[in-house]
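Chemist: Those sequence lines, one after another, are chains A and B. Numbers in the numbering used here are just positions in the first sequence, counted from 1, shifted up by 217. Numbers in the numbering used here are just positions in the second sequence, counted from 1, shifted up by 787.
If you are wondering where the hints come from, they were derived from the structure by calculation, not from laboratory data. Treat the hints with caution; some may be incorrect.
To be verified - Simulated restraints on C-beta separations:
(1) S854/B with V510/A: 22 to 32 Å
(2) R815/B with R219/A: 43 to 53 Å
(3) T851/B with V510/A: 45 to 55 Å
(4) A601/A with R815/B: 46 to 56 Å
(5) Q883/B with R576/A: 51 to 61 Å
(6) R849/B with P220/A: 28 to 38 Å
(7) R849/B with V510/A: 43 to 53 Å
(8) R219/A with G923/B: 28 to 38 Å
(9) R849/B with I604/A: 27 to 37 Å
(10) A601/A with G963/B: 39 to 49 Å
(11) R237/A with A867/B: 27 to 37 Å
(12) G923/B with A593/A: 48 to 58 Å
(13) G866/B with R219/A: 19 to 29 Å
Stated by the list, open to error - Covered stretches of chain A, going by a simulated chain B footprint (3 or more residues, C-beta under 8 Å):
(14) 527-539
(15) 542-549
Computed from a predicted structure; not experimentally measured. Where a beta carbon is used, it is the ideal one built from N, C-alpha and C, also for glycine.
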Amino acid sequence: MRPGDVVRVALRALMRNKLRSLLTALGIIIGVAAVIAMVAIGEGARARVEQAFSAMGTNVLIVSSGAKTSGGAKAGAGSLPTLTWDDLRAIRGDVDDVRFVAPRVHTNAQIVAEDRNWSTVVTGTTPEFFDIRNWPARLGVVLSPEEVDSGAKTVVLGQTVATNLFGASADPIGQTVRIANVPFQVVGVAATKGQSASGNDYDDVVYVPVTTFLAKIQGSLQKFIPGTILIEVTSDEVTGAVSDKVAALLRDRHGIAIGEDDDFTIKDLTETASRKQESSEALTLLLASIAAVSLLVGGIGIMNIMLVSVSERTREIGVRMAVGAKPRHVRLQFLAEALALALAGGVIGVAVGVVTAGRLAAQFGWPMLIRPEIVAVAVGFSAAVGIGFGLYPAHKASRLDPIQALRYE
Amino acid sequence: MASSAPLIAISDVTKTYRMGEVEVEALRGVSVDVDAGEFVAVMGPSGSGKSTLLNILGCFDRPTRGSYRLAGDDVSGLGADALAETRNQTLGFVFQSFNLLARTTALENVELPLVYAGVAPRLRHERAIAALERVGLGERLHHHPSQLSGGQQQRVAIARALVNGPRLVLADEPTGNLDSRASDEMMALLAKLASDGITIVLVTHEPDVAARAARVIVVRDGLIQEDRRGGLAEEAVGAP
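Given only the sequences and the hints, what does the whole structure look like? Please build it.
Modeler: As structure tokens, this is what we get:
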């Protein structure tokens, strides 16, 4: 028997019962479509998270002050300032593989331009901050060391703030804005950064020299940094080592005995990123089990219909055997039918899944990403299900006795 | 193959079926030779064993004991695949209920044995058309069985039996579902095939059908009761 004839006979048998074939394949269609759609949106979300992390700057450590404990209740990180300017200088000077160190202190404040105002986060920092965040100015310049040293009243605006105070296309360089009633001169507008994964607008912020911030906007004890220290290490590989070294240095400087808790926290962005990665791997596993269950159900549906089909077509099988079909020809014919059903279900399922993901993405503004290997795996698994669940009915058909089959009513 | 050897040589064949605890002896030692080109009718009441004999002749079933040589080859011990191949290459079948595939054209029905013989599609068409023309259905190639009369359906079945150039055509009550006019046409067609040199073994219980054959074998109680050429023994058949 020629391969072309096997395919032709199988397809004709399926086309004879179009509705039944479609309903049989429906289990596979729904399973595959659901998985394709969910994976497309999941992958899109993952891609967006990764993009967001790279926007924040890779190989960055954030050191925050420890949490204040009052009456047994621990307040959040940074509630008790423990980091000092000397700590910052020590990290800069004594730890290897550190490229940049910058302080970051911030508060919410109203910014007033000539006729408009805007509430935003005012951040005091040093020029290294812009290196760490890999963040150039779109217009003008970012903060300079001289401005920090002299406590200059200069400000770099985020794009969102610039737009809200001066309009999208205006050039605000040289203009004056008032922050906490102190006039600042705009020296730059930072390049657009976009949103974080959690929806924070990276561009809704202004930067002033940290010295000016502490002197004019929010006073503080001279010795302590009322915020965080950002550290950029020289490469991803040394992030963990530098984190350990900084921890050891700070424990030593703060006189913390062995066995006592740290009075600071070091957060590693790559750590957060890999945790996100892990959670998306868990999601993938969940999707895989949903897919497995729906393919199993779909496969059982195929097996059921193939068994019905074998018993309905007993006489046909008898005729075919009478004119010379060998048992393996009959087996092959029914296997081909099961395979065609499952494969068609897989292909239709992929199409439905892609369309559904596209609709959802358009409707809700979710990102989506369709990876060809996921499509290949889905279709491949459908085919395997078809063969797996087609084997028994096909075997049953091939074992029929031609005499009995011909007499079957 | 030497012309002296018979096409069918059955020697002391028995067939025993087990029906639960009971053993039923359908054939109890049958020996018969049929030469190439003979037109043989097998008669006998129901339960006589004539269907069992036909199943063994048709390579659907194997004898419990005894030997069956078909065209010189011993086929009594062949496996399922080899039997299927013999049915495909050497035999043609015509059934009482036609056994055509529904919703399949006459042409495709006739092509079916060639599909399993692995013949290429174009050659398949040519041979199937030739076979249908031979039985006078050249104008009905693309009709479905439901669009054909009983006589026409049985002629499609004969074309299917002939398409692979068989040595032997086995017909099981081929006129059983036909009216008398179609029966006559059918027997005329079989007689013509026999005169063309195709061996025909026909099972029937109708004496006037058997009368068209050159040789009549009467089976009763699993044994050959009578085997005569050139006529029919009324008394052996009993009342019709």
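Chemist: Provide an ascending list of the numbers of those earlier hints which the structure does not satisfy.
Modeler: Structure breaks hint 1 only.
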